[in-house]
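Visitor: Sequence order for the protein chains is A and B. Using this note's numbering, the first residue of the first sequence is number 1, and each one after it goes up by one. Using this note's numbering, the first residue of the second sequence is number 144, and each one after it goes up by one.
To be clear, the hints were calculated from the coordinates, so they are not data collected in a lab. Where hints are given, some of them may not hold.
[Stated by the list, open to error] Away from chain B, derived, C-beta distances all over 12 Å, residues of chain A: (1) Met28; (2) Arg33; (3) Asp35; (4) Ile46; (5) Asp104; (6) Met116; (7) Gly117; (8) Arg118.
[Stated by the list, open to error] Pairs of lysine to any residue residues, derived as SDA-like cross-links and limited to a Cα-Cα distance of at most 20 Å, are as follows: (9) A/Lys141 x B/Pro178; (10) B/Lys334 x A/Met113; (11) B/Lys334 x B/Ser291; (12) A/Lys106 x B/His173; (13) A/Lys106 x B/Ser201; (14) B/Lys205 x B/Ser291; (15) A/Lys82 x A/Phe135; (16) B/Lys320 x B/Ala285; (17) A/Lys87 x A/Asn68; (18) A/Lys106 x B/Asp328; (19) A/Lys87 x A/Arg66; (20) B/Lys315 x B/Ser197; (21) B/Lys334 x B/Ala285; (22) B/Lys205 x B/Arg324; (23) B/Lys293 x B/Lys205; (24) A/Lys141 x B/Asp174; (25) A/Lys141 x B/Val179; (26) A/Lys87 x A/Ala49; (27) A/Lys141 x B/Lys334; (28) A/Lys106 x B/Arg185; (29) B/Lys293 x B/Leu171; (30) A/Lys82 x A/Val133; (31) A/Lys141 x B/Ser291; (32) A/Lys106 x B/Thr229; (33) B/Lys258 x B/Arg281; (34) A/Lys87 x B/Lys334; (35) A/Lys141 x B/Arg335; (36) A/Lys106 x B/Arg324; (37) B/Lys293 x B/Arg226; (38) B/Lys205 x B/Glu237; (39) A/Lys87 x B/Arg335; (40) B/Lys206 x B/Leu171.
Heads up, the beta-carbon is just placed ideally off N, CA and C, and yes, glycines get one too.
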Amino acid sequence: MKRLGLILTMLIVLGCGSYEPHDERIHMREQIRSDTIESNIVTRPIAHAFSDLAGEGLEITNAITRRNDAGLLVLHVEGYNKSYRTKRFRYRVEWLDESGFLIDTKTTVWLPMSAMGRSPFSFNVVAPRPEAVDFRMDTRKWE
Amino acid sequence: MKETILNLVMVVGFLAAGCAQETKNIDLMHDEGKPVMALDYRDFDRAASELVQSMLGSGALKKEEGGRYVVATGRIVNDTMQRIDTDQLMAKIETEMLNSGQAIMTSAVGSGADKLVHETRELRDSEEFDPNTVAKRRTLIAPELSISGKIFQRNIRYDRGRQQVEYYFQLKLSDVKSGLRFWQDEVIVGKRGSSKSVAW
Numbered sequence: 001m002k003r004l005g006l007i008l009t010m011l012i013v014l015g016c017g018s019y020e021p022h023d024e025r026i027h028m029r030e031q032i033r034s035d036t037i038e039s040n041i042v043t044r045p046i047a048h049a050f051s052d053l054a055g056e057g058l059e060i061t062n063a064i065t066r067r068n069d070a071g072l073l074v075l076h077v078e079g080y081n082k083s084y085r086t087k088r089f090r091y092r093v094e095w096l097d098e099s100g101f102l103i104d105t106k107t108t109v110w111l112p113m114s115a116m117g118r119s120p121f122s123f124n125v126v127a128p129r130p131e132a133v134d135f136r137m138d139t140r141k142w143e
Numbered sequence: 144m145k146e147t148i149l150n151l152v153m154v155v156g157f158l159a160a161g162c163a164q165e166t167k168n169i170d171l172m173h174d175e176g177k178p179v180m181a182l183d184y185r186d187f188d189r190a191a192s193e194l195v196q197s198m199l200g201s202g203a204l205k206k207e208e209g210g211r212y213v214v215a216t217g218r219i220v221n222d223t224m225q226r227i228d229t230d231q232l233m234a235k236i237e238t239e240m241l242n243s244g245q246a247i248m249t250s251a252v253g254s255g256a257d258k259l260v261h262e263t264r265e266l267r268d269s270e271e272f273d274p275n276t277v278a279k280r281r282t283l284i285a286p287e288l289s290i291s292g293k294i295f296q297r298n299i300r301y302d303r304g305r306q307q308v309e310y311y312f313q314l315k316l317s318d319v320k321s322g323l324r325f326w327q328d329e330v331i332v333g334k335r336g337s338s339k340s341v342a343w
């Protein structure tokens, strides 16, 4: 038993590469980059199981708007998939005018999106009317 | 014996009626129905939404000197195995282009032409109509841009029991005078399912 523990510890330490991110803008995925202590041949299945158990999923990290050259509001959404699995989802953006009234548009439909495990994701949505000043976004599981 | 058979027939009848599929209205805003191999309204909604966003976001409809572009709808080719009325896609796109405040669609020419625009001009010599109410010569505005496109389908055998169907929605916006293309984009809708499913 002690020997097995020793072998496992050695595997974890040996399986530990020296991956250090060079640039935050470049994302190197697990099994492509060098292994780390949290992600190597021994610890990987355990980490994945814990992530599933904890119910890790998507997180929105940033949502900003700006007006484009044509005077239309553009929403930029950034997020991160904390889970190890690819998460497929749908999003729907509603546009609001200055009085907070909903702008009726054919572009307000459920659009598909997916984020790979432990990876950042981002997307842009353009308001089809110049009177849009604010937005509301909803998400749901991709069936 | 006859009574027993009659009762049995009635029971079977009731059971069969109970098994009939109930008709339900689709919740068009939040439809949770399963996807189908053929193109359905959700695919058209998605394609139209993504194409409109791409077009408006590109700034191609922004006129340097201000004002709005006059746009004519050109030919939208249906190269799929399904009978598609391409207006299903174009009506949504045209509506959003109009509402964006950057373009006016013309009904004088193109696939969105209204016959009455020309028919009413034939009334100029009619004695039945007040000539002041009939459209004068040289009053129609020619389009500056034309929007045209294509929807096509590719069927691929994925494995023994499954097929992959790819639908491509392509749209382009061209300047009528110079022939230059201001914008173009493509939306792909892909479906994978049983080979037994028919995609038309």
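Visitor: If a hint holds in the structure, say so; if it doesn't, say that too.
Guide: Against the structure, the hints:
1. Met28: Label holds. Min Cβ-Cβ 27 Å, cutoff 12 Å.
2. Arg33: holds (29 Å)
3. Asp35: Holds, since 33 Å exceeds 12 Å.
4. Ile46: Label holds. Min Cβ-Cβ 32 Å, cutoff 12 Å.
5. Asp104: Violated, since 9 Å does not exceed 12 Å.
6. Met116: holds (17 Å)
7. Gly117: Check passes; 21 Å lies beyond 12 Å.
8. Arg118: Non-interface label on arginine 118 of chain A holds, nearest chain B Cβ at 25 Å vs cutoff 12 Å.
9. A/Lys141 x B/Pro178: holds (14 Å)
10. B/Lys334 x A/Met113: holds (15 Å)
11. B/Lys334 x B/Ser291: Violated. Lysine 334 of chain B to serine 291 of chain B sits at ~25 Å, over the 20 Å cutoff.
12. A/Lys106 x B/His173: Given that 20 Å is the threshold and the Cα spacing comes to 14 Å, the pair holds.
13. A/Lys106 x B/Ser201: Given that 20 Å is the threshold and the Cα spacing comes to 18 Å, the pair holds.
14. B/Lys205 x B/Ser291: holds (19 Å)
15. A/Lys82 x A/Phe135: violated (25 Å)
16. B/Lys320 x B/Ala285: holds (10 Å)
17. A/Lys87 x A/Asn68: violated (30 Å)
18. A/Lys106 x B/Asp328: Cα-Cα ~18 Å, so holds.
19. A/Lys87 x A/Arg66: violated (27 Å)
20. B/Lys315 x B/Ser197: holds (11 Å)
21. B/Lys334 x B/Ala285: violated (41 Å)
22. B/Lys205 x B/Arg324: holds (14 Å)
23. B/Lys293 x B/Lys205: Violated, at roughly 24 Å.
24. A/Lys141 x B/Asp174: Between lysine 141 of chain A and aspartate 174 of chain B the Cα gap is close to 12 Å, so the pair holds against 20 Å.
25. A/Lys141 x B/Val179: Satisfied, since the Cα-Cα distance of roughly 18 Å is no more than 20 Å.
26. A/Lys87 x A/Ala49: holds (16 Å)
27. A/Lys141 x B/Lys334: The given pair, whose Cα atoms are some 17 Å apart, holds under the 20 Å limit.
28. A/Lys106 x B/Arg185: holds (12 Å)
29. B/Lys293 x B/Leu171: Measuring from Cα to Cα gives roughly 26 Å; hence the hint is violated.
30. A/Lys82 x A/Val133: violated (31 Å)
31. A/Lys141 x B/Ser291: violated (34 Å)
32. A/Lys106 x B/Thr229: Answer holds: lysine 106 of chain A to threonine 229 of chain B is near 16 Å, not above 20 Å.
33. B/Lys258 x B/Arg281: holds (17 Å)
34. A/Lys87 x B/Lys334: holds (18 Å)
35. A/Lys141 x B/Arg335: holds (19 Å)
36. A/Lys106 x B/Arg324: Violated, because 25 Å separates the two Cα atoms, which is more than 20 Å.
37. B/Lys293 x B/Arg226: holds (14 Å)
38. B/Lys205 x B/Glu237: holds (16 Å)
39. A/Lys87 x B/Arg335: Holds, at about 18 Å.
40. B/Lys206 x B/Leu171: Distance ~35 Å between lysine 206 of chain B and leucine 171 of chain B Cα, so the pair is violated.
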